[in-house]
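Protein chains: 2
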Amino acid sequence: MVPKLWNETIDAHRHAVREAILDTTWALATEHGLTSVTMSQIAEKTGIGRATLYKYFPDVEAILFAWHERQIAAHLQQLVDIRDEAGDAGRRLDAVLEAYAFIAHERQRHGADLGALLHGGGHTAHAQQHLQGFVRDLLAEAAKAGDVRDDVAPDELAGYCLYALTAAGGLPSKAAVRRLVTVTLAGLRPPR
Amino acid sequence: MVPKLWNETIDAHRHAVREAILDTTWALATEHGLTSVTMSQIAEKTGIGRATLYKYFPDVEAILFAWHERQIAAHLQQLVDIRDEAGDAGRRLDAVLEAYAFIAHERQRHGADLGALLHGGGHTAHAQQHLQGFVRDLLAEAAKAGDVRDDVAPDELAGYCLYALTAAGGLPSKAAVRRLVTVTLAGLRPPR
Numbered sequence: 001m002v003p004k005l006w007n008e009t010i011d012a013h014r015h016a017v018r019e020a021i022l023d024t025t026w027a028l029a030t031e032h033g034l035t036s037v038t039m040s041q042i043a044e045k046t047g048i049g050r051a052t053l054y055k056y057f058p059d060v061e062a063i064l065f066a067w068h069e070r071q072i073a074a075h076l077q078q079l080v081d082i083r084d085e086a087g088d089a090g091r092r093l094d095a096v097l098e099a100y101a102f103i104a105h106e107r108q109r110h111g112a113d114l115g116a117l118l119h120g121g122g123h124t125a126h127a128q129q130h131l132q133g134f135v136r137d138l139l140a141e142a143a144k145a146g147d148v149r150d151d152v153a154p155d156e157l158a159g160y161c162l163y164a165l166t167a168a169g170g171l172p173s174k175a176a177v178r179r180l181v182t183v184t185l186a187g188l189r190p191p192r
Numbered sequence: 001m002v003p004k005l006w007n008e009t010i011d012a013h014r015h016a017v018r019e020a021i022l023d024t025t026w027a028l029a030t031e032h033g034l035t036s037v038t039m040s041q042i043a044e045k046t047g048i049g050r051a052t053l054y055k056y057f058p059d060v061e062a063i064l065f066a067w068h069e070r071q072i073a074a075h076l077q078q079l080v081d082i083r084d085e086a087g088d089a090g091r092r093l094d095a096v097l098e099a100y101a102f103i104a105h106e107r108q109r110h111g112a113d114l115g116a117l118l119h120g121g122g123h124t125a126h127a128q129q130h131l132q133g134f135v136r137d138l139l140a141e142a143a144k145a146g147d148v149r150d151d152v153a154p155d156e157l158a159g160y161c162l163y164a165l166t167a168a169g170g171l172p173s174k175a176a177v178r179r180l181v182t183v184t185l186a187g188l189r190p191p192r
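Chains A and B, in that order, give the protein sequences.
By the UniProt record's numbering, the letter at position 184 of the first sequence is numbered 184, and the numbering carries on one by one without gaps.
By the UniProt record's numbering, the letter at position 167 of the second sequence is numbered 167, and the numbering carries on one by one without gaps.
By construction, these hints were calculated from the structure, which means they are not laboratory data.
Treat the hints with caution; some may be incorrect.
A pair counts as met if it fits within one copy or between any two copies, since identical chains are not told apart.
Stated by the list, open to error - Distance condition first, Cα-Cα at most 20 Å in a straight line; then the derived EDC-like pairs of lysine to aspartate or glutamate:
{"id": "1", "residue 1": "144", "residue 2": "94"}
{"id": "2", "residue 1": "174", "residue 2": "156"}
{"id": "3", "residue 1": "174", "residue 2": "151"}
{"id": "4", "residue 1": "174", "residue 2": "44"}
{"id": "5", "residue 1": "55", "residue 2": "150"}
{"id": "6", "residue 1": "144", "residue 2": "155"}
{"id": "7", "residue 1": "55", "residue 2": "94"}
{"id": "8", "residue 1": "174", "residue 2": "155"}
{"id": "9", "residue 1": "45", "residue 2": "141"}
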């Protein structure tokens, strides 16, 4: 019987190699452009053999999708942490939506071809639903507390927020991102 | 010398053939799916020879891009007409943004693969800028009249509107689209 510790060591090793492949591929893709990255380059720069690399991923696209999934999971965790640190329902909503806008603002630096590949992939549908549900719950809570309008369903308001804040990707400064958040939040307030 | 009337007849004929190619290709793409449409099918269904078709367009993708450009131009004209029919600055803005939301709502029926192709094409950058400028001018006018907040530049507000209203694409009903427009417009109102 293989000892448990040995299995854990193998798992940790495999995880570390996988992480290194993702990091290297992302660095190469942003440095040299998406179309010029090859599996050989990735293997060489990660410090593993090509045959080993192919045991982890079938092609460059699969690696970039895995990188993107990891990135989305990290962003979702970041939003959960921010929610848990903030005070009441209204403040939680404000803090999470501002953080989301800054994530969208950062994302623009990926470059257009990379962005089109990652967001056309269809592998993000589950994460998108998760995000939508997360924001919907925050909105429902804030509506109960009277901070958010209750004449429109939280799910519809979540769609509005997430689309509106995506405009942060095209904004030139952090100040502009904050103004976008202010305007978006104003749309959520109970009608006068 | 070729008489002027003859040239006009040729131009009108070329224009009619081009329009027929666009209509046929769109019908085939929406009926059978994007990837299954061939140049031969398009020629046959348009009632022209394959050689003639290739004098107009090099491939199916080019035809779909041309269709999309025509579609965007028609939508912009529709928004201009709506602006010119509405009353004061505030009502012009409301009417145009509602019409834009309904266009975004209709657009979802294109299907995912067609949508990804058309919007990843880069051929829409000019039209996007035109639309952004059009909405910006409406917002500047409405801000002057006191109907729209003036603490955020009209260009930033235009980005906010256009992104927020794109959420209409995922909405299940016209009533939901109208609620989205209401929420988006609420974000534009002068702060209390």
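If you check each hint against the structure, which ones fail?
-> 4, 5, 7, 9
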